[in-house]
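**Q** These are the residues of each chain, in order.
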Amino acid sequence: MIDRHLWVHALSAIPEYDLKSATDKAKSIYTVRHLTLPEEGLGLLKMKDGALGEHYYLGEFPVASAHIELIDEKRNRTVEGGAHVMHDSADYAADLAVCDALLTARWPGWEDVARLLEVGMQKRREKEQRRKSMLARTRVNFDLLSEVKEEHDDN
Amino acid sequence: MTIDAIWTPETQQRVFHRLLNAMARPATLWDISDIIGGEPSWKAALATLIDGSVNLSDPNNMLDDRSWKFFQAAAASPDKAGYIVADGTSQPKFEPFSGSLESPENGATIILCVSRLGESGPCLTCSGPGIEDTYDLVLSGLSAQWIEKRGQWNKNFPLGVDFILADDRRIAALPRTTRVKIKEA
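Those sequence lines, one after another, are chains C and Y. So for the first sequence, numbering that gives the first Met the number 0 puts the first residue at 0; every next one is plus one. So for the second sequence, numbering that gives the first Met the number 0 puts the first residue at 0; every next one is plus one.
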């Protein structure tokens with residue numbers, strides 16, 4: 000099983016429609032109760048400038064969060080789930096929080112989410128691999144420069 | 000997966016509109032039960048006014064843990080809080096912050112929960128800005144000490160506190176500019 004801290008990262012690589020289908024199924028079985036106000040808005044990325052050491056805002060990014068409780072009324076049990084994600088919809092964050100709760104508790108319906116989790120993680124790995132290969136192509140080989148320098152020194 | 004109406008921006012904007020009207024026309028009653036989905040009006044008023052940038056005091060322990068999480072406000076003692084929610088039947092045992100001369104608007108807003116507004120009980124005769132001559136507000140479930148203390152807290156105008164009175168369905172405001180007397184029976 001993938002580590003919990005990677006769940007939102009992996010599931011957010013899944014098309015929203017697929018994620019919603021899985022959570023709609025869970026929501027038809029269990030009651031979902033918000034434990035905090037689901038929120039969506041803009042986050043401000045703060046950086047410190049190197050010269051004067053003063054803080055400045057580099058830019059904005061969309062951020063949404065949700066903290067829910069999944070209630071299994073038939074068996075009288077509950078489990079909590081949460082999500083904090085770069086997205087502009089609190090509903091989307093709430094869906095991810097439902098997935099988080101389902102995967103934690105492994106209640107009926109969790110297998111569908113686990114499948115999505117594997118697919119999402121695979122997508123993330125492929126993306127990471129593509130990024131690494133792109134980065135590798137931009138690498139400058141300074142060894143050649145040192146060889147040239149040595150040749151000059153020899154002369 | 001729904002959320003109670005009082006937490007939605009649409010409802011809060013409508014409640015805020017009525018709160019503004021209540022403040023502009025002190026002591027008049029504003030029914031908000033049609034928009035708050037069964038929640039008590041004091042809670043709807045709090046949900047509209049409070050967020051993470053202000054602090055809140057709850058000396059009578061009226062709020063449960065879940066409500067605190069939704070309000071997001073930091074808990075503070077009544078003498079430091081920007082907002083105070085209190086039970087009108089209790090005795091006021093604190094001195095709220097009444098602002099400073101540079102920023103009198105920082106004086107506390109006290110949301111007082113009463114049993115009934117506008118139906119039966121003692122009568123408050125109100126006068127001042129926003130009221131033509133005088134206006135009588137009938138209410139039950141408010142200790143007379145609140146009115147007495149309010150007079151003391153507001154005697155150094157513009158410093159002072161603003162009251163929002165609320166029962167299950169209605170709200171009425173008594174800003175610091177309103178003069179209030181308990182009408183003799």
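Derived from the structure by calculation, the hints contain no laboratory data. Predicted model, so just to flag it, every value in this text is computed and none were measured. Fair warning: there could be bad hints in the mix.
Stated by the list, open to error - If you anchor each label on the Cβ, the simulated ranges turn out as follows:
{"hint": "1", "chain 1": "C", "residue 1": "I1", "chain 2": "Y", "residue 2": "S99", "range": "52 to 60 Å"}
{"hint": "2", "chain 1": "C", "residue 1": "R136", "chain 2": "Y", "residue 2": "D50", "range": "41 to 49 Å"}
{"hint": "3", "chain 1": "Y", "residue 1": "S99", "chain 2": "C", "residue 2": "G58", "range": "34 to 42 Å"}
{"hint": "4", "chain 1": "Y", "residue 1": "S142", "chain 2": "C", "residue 2": "R3", "range": "48 to 56 Å"}
{"hint": "5", "chain 1": "Y", "residue 1": "G150", "chain 2": "C", "residue 2": "D23", "range": "52 to 60 Å"}
{"hint": "6", "chain 1": "C", "residue 1": "R32", "chain 2": "Y", "residue 2": "S114", "range": "49 to 57 Å"}
{"hint": "7", "chain 1": "C", "residue 1": "G52", "chain 2": "Y", "residue 2": "E101", "range": "29 to 37 Å"}
Here a beta-carbon is modelled for each residue, glycine too, at the ideal position from N, C-alpha and C.
**Q** It remains to establish, for every hint, whether it holds in the given structure.
**A** So, going through the hints one by one against the coordinates:
1. A beta carbon spacing of about 54 Å between C/I1 and Y/S99 agrees with the range 52 to 60 Å that was offered as a hint.
2. Between C/R136 and Y/D50, the C-beta spacing of about 48 Å keeps the proposed range 41 to 49 Å intact.
3. Here the CB-CB span from Y/S99 to C/G58 is close to 37 Å, well matched to the stated 34 to 42 Å.
4. The given range of 48 to 56 Å is respected by Y/S142 and C/R3, whose C-beta atoms sit roughly 51 Å from each other.
5. For Y/G150 paired with C/D23, a C-beta distance near 57 Å keeps the hint of 52 to 60 Å intact.
6. Between C/R32 and Y/S114, the C-beta spacing of about 30 Å breaks the proposed range 49 to 57 Å.
7. Between C/G52 and Y/E101 the beta carbons are some 31 Å apart, a value that agrees with the proposed interval 29 to 37 Å.
In summary, the structure is inconsistent with hint 6 from the numbered list given earlier, while agreeing with all the others.
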